[in-house]
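Could you build the full structure based on these sequences and the hints that come with them?
So in this note's numbering the end of the sequence shown lands on 459, straight run, no missing numbers.
Calculated from the structure, these hints are not laboratory results. Don't take each hint at face value.
[Unchecked claim] Restraint-style ranges between C-beta atoms, simulated for each label pair:
| no. | residue 1 | residue 2 | range |
| --- | --- | --- | --- |
| 1 | T17 | L175 | 38 to 44 Å |
| 2 | T27 | A105 | 43 to 49 Å |
| 3 | I85 | D173 | 38 to 44 Å |
| 4 | H65 | T17 | 43 to 49 Å |
The C-beta atom is built at its ideal place from N, Cα and C for all residues, glycine as well.
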Amino acid sequence: MTHSFVLHSLGGLALFTVAGEQVRFRTRKHLALLIRLALEPGKQFTRDYLADLLWPEAPPKLANHSLAQGLSVIKAKIAREAVIIQRATVGLAPGWIDVDATHLAAGDVSIDGPFLDGFEIPAARPFEDWKDEHRARLVPQLRDCLVRQMDAARRIGDFPTVEQHAARLQELDPLAEQGIRGIMEARAWASDRSGALKAFARYESQLAEELGAKPGPELVRMADLLRDGRRSPTRPVTPGYPPERADRRFEPETLIGREREFSVLFDAWLEARQKSPRIVVVTSDPGVGKTTLVNAFASSCQMEGAVVARAQAYDAERELPFAVLGELVKQLATQRAIGSADPEALSELTRISSEILKAFPGVPRPVEWSPELMPLRIADAFLKTVTAAAADSPVMLVVDDIHAADSASIAILHSVARKLRDTRVLVILTGRMSELRLSGAPAVLAAGSIAARFGGEAN
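Here is the structure:
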């Protein structure tokens, strides 16, 4: 049904035509009468109820006269046939006015504040009581709508919008954990670690003062991550390309135009968190933003609890066995993410990364095997180690320029990808489109139902 007018009630009160032109009323009581009728189109209200609602102190005859004047104004502003007037009752015909508050369940509504925020009629106490009661009834719907809108913005990497909705949620419910989480994520996204921690400190203090409670473990983990200053590993400097800026964690504007790609990664992340391992191959030509995209996405997932290990493949190291795999193991060991793994598996992996011995000095020396068995043992050890790490936290493995990776690492990554089951692991492989066409490695790794591939040919 196409409406002729739109009534904004979530943050103030204003009537607009569908073309966006505001329809103004001389008195607030006439606008208040309109919102009361418009929220329940088709319902017939008694004249006495409406008169008492807005003119409680006036004598009955004067109150009914004022009501009649208000109805005449509404008919003049909307349409005569929009107002259904009977002998003792009054109502608004359906289909004329679209009220924003009726769209909360669908989530497609702009929330600028609480219901009728700042709209007051002090002389009409019954209306004020009705407004307060209706506002209270809408709070759960407003909260759910804002959370859904935050999730939708988060899915495409739009953290400025996440912060906007989170701020509204905090105004509505200062102790809602989803609100402070969104603000912390957005501040971290904008490289404002100090701002994120200050917001957490205010929330922590208010929670203790008002409820005698403490923040949930996820919020505490996020705050600890920010205090430590840790971030997801970024792509190492590649010869011939300028280094990434180190003074800011994120550049939000650089993801403009990459919302679809971010959402592909985000969907894969959601599935991986539910123990459905996924592989995503990010392909593009040099300089079109795939590194920035993966940097931003990996850091976002790290804020949600992911352990991120990242390795850069180089053409010059293509003949160096386990170069890429060794870097992934090093990253996992450095973050102490594999402490729960089988000691024998860790022992095998010391062959390709000495970082394990630094992180876990008690790991035994590896058993000597024949050369032909060594890759199989390392593959089995890597699978067990990643699986153990994923039991504690979701794991993200990122390999940049997979087309340049050594064959030993590719073979083991392929073996692990085939065998991963019911594990919280997401593998992201990046590469240049032109090089991938000449290399069979990415095709092997991306084969099967767990692969998702999108091209980055567009600027």
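Here's how the hints hold up against the structure:
1. T17 <-> L175: 38 to 44 Å: holds (39 Å)
2. T27 <-> A105: 43 to 49 Å: violated (32 Å)
3. I85 <-> D173: 38 to 44 Å: holds (40 Å)
4. H65 <-> T17: 43 to 49 Å: 29 Å Cβ-Cβ, so the 43 to 49 Å window is violated.
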